[in-house]
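Student: This is what each chain is made of:
2 protein chains.
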Amino acid sequence: MNNYIEALAKDTYNAYKKFLSVLTKEKNQFLQILAENLTKNYDYILTENSKDIRNAQKKGLSNAFIDRLKLSAERIENIAKGVLKIIELDDPVGKFEDFKTHPEGFKLGKMRVPIGVIAMIYEARPNVTIDATALSIKSGNAIILRGGSNSYFSNMALVKIIKNSLKEAKLEPNLVNYIDKIDREYIYQLLKMDKYVHLAIPRGGEELIKSVVNESRIPVLKHYKGICHIYVNEYAKIDEAIRICVNGKISRPAVCNATETILVDQNIADKIMPDLIDTLLKNNVEVRGCSRTQKYNNNIKKATDIDWATEYLDLIVSIKIVDNIDDAISHINEYSSGHTDSIITENLSIANKFIEQVDSATVMVNSSTRLSDGGVFGLGAEIGISTDRFHARGPMGLEELTTYKWVLIGDYNTR
Amino acid sequence: MNNYIEALAKDTYNAYKKFLSVLTKEKNQFLQILAENLTKNYDYILTENSKDIRNAQKKGLSNAFIDRLKLSAERIENIAKGVLKIIELDDPVGKFEDFKTHPEGFKLGKMRVPIGVIAMIYEARPNVTIDATALSIKSGNAIILRGGSNSYFSNMALVKIIKNSLKEAKLEPNLVNYIDKIDREYIYQLLKMDKYVHLAIPRGGEELIKSVVNESRIPVLKHYKGICHIYVNEYAKIDEAIRICVNGKISRPAVCNATETILVDQNIADKIMPDLIDTLLKNNVEVRGCSRTQKYNNNIKKATDIDWATEYLDLIVSIKIVDNIDDAISHINEYSSGHTDSIITENLSIANKFIEQVDSATVMVNSSTRLSDGGVFGLGAEIGISTDRFHARGPMGLEELTTYKWVLIGDYNTR
Chain A
194 MNNYIEALAK DTYNAYKKFL SVLTKEKNQF LQILAENLTK NYDYILTENS
244 KDIRNAQKKG LSNAFIDRLK LSAERIENIA KGVLKIIELD DPVGKFEDFK
294 THPEGFKLGK MRVPIGVIAM IYEARPNVTI DATALSIKSG NAIILRGGSN
344 SYFSNMALVK IIKNSLKEAK LEPNLVNYID KIDREYIYQL LKMDKYVHLA
394 IPRGGEELIK SVVNESRIPV LKHYKGICHI YVNEYAKIDE AIRICVNGKI
444 SRPAVCNATE TILVDQNIAD KIMPDLIDTL LKNNVEVRGC SRTQKYNNNI
494 KKATDIDWAT EYLDLIVSIK IVDNIDDAIS HINEYSSGHT DSIITENLSI
544 ANKFIEQVDS ATVMVNSSTR LSDGGVFGLG AEIGISTDRF HARGPMGLEE
594 LTTYKWVLIG DYNTR
Chain B
194 MNNYIEALAK DTYNAYKKFL SVLTKEKNQF LQILAENLTK NYDYILTENS
244 KDIRNAQKKG LSNAFIDRLK LSAERIENIA KGVLKIIELD DPVGKFEDFK
294 THPEGFKLGK MRVPIGVIAM IYEARPNVTI DATALSIKSG NAIILRGGSN
344 SYFSNMALVK IIKNSLKEAK LEPNLVNYID KIDREYIYQL LKMDKYVHLA
394 IPRGGEELIK SVVNESRIPV LKHYKGICHI YVNEYAKIDE AIRICVNGKI
444 SRPAVCNATE TILVDQNIAD KIMPDLIDTL LKNNVEVRGC SRTQKYNNNI
494 KKATDIDWAT EYLDLIVSIK IVDNIDDAIS HINEYSSGHT DSIITENLSI
544 ANKFIEQVDS ATVMVNSSTR LSDGGVFGLG AEIGISTDRF HARGPMGLEE
594 LTTYKWVLIG DYNTR
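Residue numbers (my numbering), protein chains in the order written: chain A, 194 to 608; chain B, 194 to 608.
Isolated chain A (complex conformation) (with noise of 0.2 Å):
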């Protein structure tokens, strides 16, 4: 096992070191092939996931699991698309910045540069197997996939199809490997090869991602879960709080941006809770409200401190009433999953007090968590969104798989 791994990090680092002299222009090239080649092949890759279609039926997982694992036609276009769009993104590698004259006559500044190796540990979603590698190419980090075991089919003809591209490209093949292997330990032995492998990113259950954490020897990124806030402030324009709070919760409540705890100041609760309970009810929304929540509405269950630390990713929405907008802050550096979280306030000191003190990746004055994305942001792309506090927070996109190198054009400079 040992071997195997060992073999493909080092296969794969080698490949990377040769990547550093490839130009913006053949990465773009692969990417263009690629997305040919997928089009090209879709007969075939639709083939292999039938197996894996067939063989999750047979295990009985969810609708939901075997919908994110099936491709079609139409999934097969527009993963292709999303790999033209990557080809449109500024290169971030080889950018310089701050770079000035040092009183000494010497030119410094940091240049824009890969990480290396990425090991990419995800779940039985075929299609972030090219999304991954679009964008590892394209930012010239090399890459070491490892997908959900329930995808093993589809993941395999893609990554053919990935290395027949880069020979095309005339590209090292090792630049995308992927671990053929079940058994999880292998992804622990990847995780201690850190002479070869430079980051992982792990995406998926809880489980995993605290098993990677503990196994690494490898900086991680990671994203635990989005439990967001909106802090209605006693200074809210009512009607819009209404809004972008049913707009948190319901326009797509599976994902990881969606509202999950509302805060309402005690000193509007009574103007607003009585709509806000209502219209959310309107829309299907469950709501689990704390004690003095509850006194607005029959139909709330109680919540308890479950409830403050649950992502539902479901129609259910719990409500707290808070003294103040110290309280509003404490409860949410406390519950909040350092995703995403806003305050609704016509009130300029509360707004900043907000932004100072909330400790999360990203932080918001009247907005729907729902903002949170990399494509809203103008990132064009994105790679997952870090709930970490170091190197890249919140939405990454290319530049956030770079690193930088300091580089010294000196006058034959001593000490």
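Careful, some of the hints might be misleading.
The list treats identical chains as one, so a pair stands whether inside a single copy or across any two.
[Unchecked claim] Subject to a maximum C-alpha distance of 25 Å in a straight line, what follows is the list of computed DMTMM-like cross-link-like pairs (lysine to aspartate or glutamate):
#1 K360 <-> E400
#2 K278 <-> E219
#3 K303 <-> D291
#4 K211 <-> D498
#5 K415 <-> E504
#6 K203 <-> D519
#7 K430 <-> D519
If you're looking for bench data, these hints aren't it; they were derived computationally from the structure.
Given chain A, work out where chain B should sit, using these hints.
Tutor: Chain B only, in chain A's frame:
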């Protein structure tokens, strides 16, 4: 043990949360008070330090070790001056980056924020206790310290002064905590507290750093070692190349940015080698060389594979003749510790190739590796030099102790 560490971590984290609303002037006031209290209490500090010195002498520790441990009135004065210097540096926290109006009308950008709680694990050098504290507080972070056990009494005294200074400045004393237990198991416990601690910075021996990386669930920023190279390309100016190689080696051989290996292009070897070796030997440098190097002088020991991978930190240098720029890059990417590598050349294309393909934190053209330093780079103060690829590379100052959050100022936007 677990309870002790968990309580310490939690107390520090709670202090950090309150710290988010503290102003730059309040942080500067603390630094002013700390500097004054260090100067005022130098008798007390020296008394406690002398206990450590006596213990170290009893243990028969080396003079170099004791020299790093020893404080004097003058050294304390310099440490205090270092603290005052940090007052003058810009506070990175709250700086807005790339703030712009989105086509949808909202304002979006990034704001610099502290990383959170930092765990600093370091060798028996009491000055680090103060430097790390001052840099952390200025950048809005709380810090948990653990210095080498041979500096116990010195650090206890310094931490007492730090905590009193925090109180005088009306800041939470728990912003700076110290693990006063000797057993390394306490450090490992702390590295599991990812709920309360957000970054570990280990400094010291390779074995300590590796054990921190192995045990940590928290991101680690580390400096393994400094194996720095100078590659003398065939288009180098001979005299300048010799001057820079000698400076890289002898100006301060015991520091991490000293040059350890000189690579000489075969096409310039005949012209430069006799003088280069001669000058190094005259400066009491022991030269170890590849077989081709040995031909130029009888006083050169054979360099082995171990030499290429060794940080001498001494008046020893290894020299290798390489075939060309590719050979040089390939040697460096194999043996460099990723700290700093320099090329000497007048050829622009070759310089560009070196900059692009050498995969180290700092890449130089026509400069001594000794310039790789936070002071020289204009960071004002340095908490360390990262040989990692992630978050920060090379010299790290105040800004590298911060991260960012996205801030969105909306106009009641939904999606």
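Student: For this structure, which hints from the list above don't hold up?
Tutor: Of the numbered hints, just 1 does not hold.
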